[in-house]
Amino acid sequence: MVIYMTDDPLSATFAALADPTRRAILLRLAEGEVTVTELAEPFAMSMPAISKHLKVLEKAGLVSRSRDAQRRPVRLEAAPIEEANAWTERYRQFWDESYDALDGVLATLHQATHRNTPKEQR
Amino acid sequence: MTTQPSTTNGNKVTLSFPSDTELVVSRDFAYPPELVWQASTTPEIVKQWWGIAPRDQFVVCDIDLRVGGSWRYVFRDEQGNEDGFSGRFLELDAPHRSVQTEQYEPMPGSEHTVTVTYEDNGQGGTRLSSHHQYASQEMRDGHVASGMEYGMNITFDHLDDVLPTL
Chain A
370 MVIYMTDDPL
380 SATFAALADP
390 TRRAILLRLA
400 EGEVTVTELA
410 EPFAMSMPAI
420 SKHLKVLEKA
430 GLVSRSRDAQ
440 RRPVRLEAAP
450 IEEANAWTER
460 YRQFWDESYD
470 ALDGVLATLH
480 QATHRNTPKE
490 QR
Chain B
12 MTTQPSTTNG
22 NKVTLSFPSD
32 TELVVSRDFA
42 YPPELVWQAS
52 TTPEIVKQWW
62 GIAPRDQFVV
72 CDIDLRVGGS
82 WRYVFRDEQG
92 NEDGFSGRFL
102 ELDAPHRSVQ
112 TEQYEPMPGS
122 EHTVTVTYED
132 NGQGGTRLSS
142 HHQYASQEMR
152 DGHVASGMEY
162 GMNITFDHLD
172 DVLPTL
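Taken in order, these protein sequences are the chains called A and B. Position in the first sequence (first residue = 1) + 369 = the numbering used here. Position in the second sequence (first residue = 1) + 11 = the numbering used here.
Just so you know, not all the hints are guaranteed correct.
Simulated crosslink set (EDC-like; lysine to aspartate or glutamate; CA at most 16 angstroms straight-line) [to be verified]:
no. : chain 1 : residue 1 : chain 2 : residue 2
1   : B       : K23       : A       : D388
2   : B       : K23       : A       : D465
3   : B       : K23       : B       : E45
4   : B       : K58       : B       : D39
5   : A       : K428      : A       : D388
6   : A       : K424      : A       : D465
If you are wondering where the hints come from, they were derived from the structure by calculation, not from laboratory data. As the structure is a prediction and not an experimental result, all values here were calculated from the model.
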């Protein structure tokens, strides 16, 4: 069994998303593909620093670079983000289901408590 | 997606990630902290709601409710596979707060600390929050994954079937 495998796709996605600059890059890319130069403009960062972030995003499959020789625009790849979202959603679902059941249990407990210990007798 | 009629009060679970190593699960309940505490720390009651998957059996529900005491939940599916969650109580302040360790037994090394608070939500109900603190981001994300794998077995209609029988 492999535990916390760092190169599994979801771990890579979450690690890539953990950085605010990378999230900002993804938000920018959500508007459409751009070149690395265009991408670097709004960030107070050197090109090598941006490239480094892009490499992490690319490795996680979150962005792709076109083979178009000159411009090589960067493009957002939505699938891994959707997978990460789905994953978090299923964890939420686990608790939604449990807590929905707890609502019913509490109602029953509350009723039982009030039956057994009437506070106000008339 | 279909919306099923249910016995819930419409409250939703909130997941938040305050940092790379934290995860908070919160939810409001219509009843006071004393009752939520009782339902969360009494084995016969926990068995009625915690992580119930259809057709799974809740085979072990041990809660030794004292500081240093341990707790353990084990589920068995139709194929006889067992899944266990367990830990130890570090702090207890009924009905306000408990701190315990928790691990998903198939993943040794998944142990982390959970601080559960039962707060009066000002409307006669309780805000229940479980704050999970992990040693690393990898552990947190691995934990969410393991919760997902277990939670995936749960279908929607089962719980509402169980409730009227309680």
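Hint check results:
{"no.": "1", "hint": "B:K23 / A:D388", "result": "28 angstroms, violated"}
{"no.": "2", "hint": "B:K23 / A:D465", "result": "7 angstroms, holds"}
{"no.": "3", "hint": "B:K23 / B:E45", "result": "21 angstroms, violated"}
{"no.": "4", "hint": "B:K58 / B:D39", "result": "20 angstroms, violated"}
{"no.": "5", "hint": "A:K428 / A:D388", "result": "14 angstroms, holds"}
{"no.": "6", "hint": "A:K424 / A:D465", "result": "37 angstroms, violated"}
Hint compliance for this structure: hints 1, 3, 4, 6 are not met, and every other hint is.
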